[in-house]
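Q: Line by line, the protein sequences are chains A and B. The first sequence lines up with residues 1 to 111 when you count with the working numbering. The second sequence lines up with residues 1 to 111 when you count with the working numbering.
Hints are computed from structural coordinates only; laboratory data are not their basis. Treat the hints with caution; some may be incorrect.
Unchecked claim - In silico lysine-lysine, DSS-like type, Cα no more than 27 Å apart, as pairs:
1) B:Lys-41 / B:Lys-101
2) A:Lys-101 / B:Lys-41
3) A:Lys-41 / A:Lys-101
4) A:Lys-41 / B:Lys-101
5) A:Lys-101 / B:Lys-101
Number of protein chains: 2
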Amino acid sequence: MTQSLVAGLEPPYYTAVFTSIRPDAPEGYGETAARLHELVKDMPGFLGYESARTPGGIGITVAYFRDLEGLAAWRRQPEHAEAQRRGREEWYEAYSLHIGKVERSHSFVRP
Amino acid sequence: MTQSLVAGLEPPYYTAVFTSIRPDAPEGYGETAARLHELVKDMPGFLGYESARTPGGIGITVAYFRDLEGLAAWRRQPEHAEAQRRGREEWYEAYSLHIGKVERSHSFVRP
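Please construct the entire structure, taking both the sequences and the accompanying hints into account.
A: Written as structure tokens, this is what we have:
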């Protein structure tokens, strides 16, 4: 998989940092994650989405939104809300969410 | 590796989201990363540090600090500054940094 990075954008914008611990491939998780990755792209204010998981370690997902309204709408999106419920009941041993307003950003691409 | 998550803390605090693309194991990278992971724990205002990398994909590292002064001191820390230089010259094809002030956080641990 080659993935491009979300570049540093003009502040302000928001990062929703979601970190999690879960078994490697719980039932239904992969399809749901792929579906949500598609759905989020159509949300108002969506700027980008990135995800990484160290095998046997933690996962970190970052969603980038222009404003809190977009993030709140995404949180309430019905398929996403249902995935959050399954996440708590079936998939995740633990997770944390940290929503921050970006004040400073920077990008580098090797020439 | 079992890693615990940085829990949602009382806002405000800061997340520094560092995303990167690099070859799997560039020379000198592993030792430097381990060393920096130790050093950052002694910085004023340090709250936590997490890292994940999908094999063949992107890496996401999040540093949590109580204030911007602590983050700035960490950016200028001599071994970290030297690592940033090597990162640009030797290790990374691309990276982005997004520094956000956390307004809202939440944690879940399965009972």
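Q: Confirm or reject each hint.
A: To see whether the hints hold, each was checked on the structure:
{"no.": "1", "hint": "B:Lys-41 / B:Lys-101", "in the structure": "holds, 20 Å"}
{"no.": "2", "hint": "A:Lys-101 / B:Lys-41", "in the structure": "holds, 24 Å"}
{"no.": "3", "hint": "A:Lys-41 / A:Lys-101", "in the structure": "holds, 20 Å"}
{"no.": "4", "hint": "A:Lys-41 / B:Lys-101", "in the structure": "holds, 24 Å"}
{"no.": "5", "hint": "A:Lys-101 / B:Lys-101", "in the structure": "holds, 5 Å"}
The earlier numbered hints are all upheld by this structure, with none contradicted.
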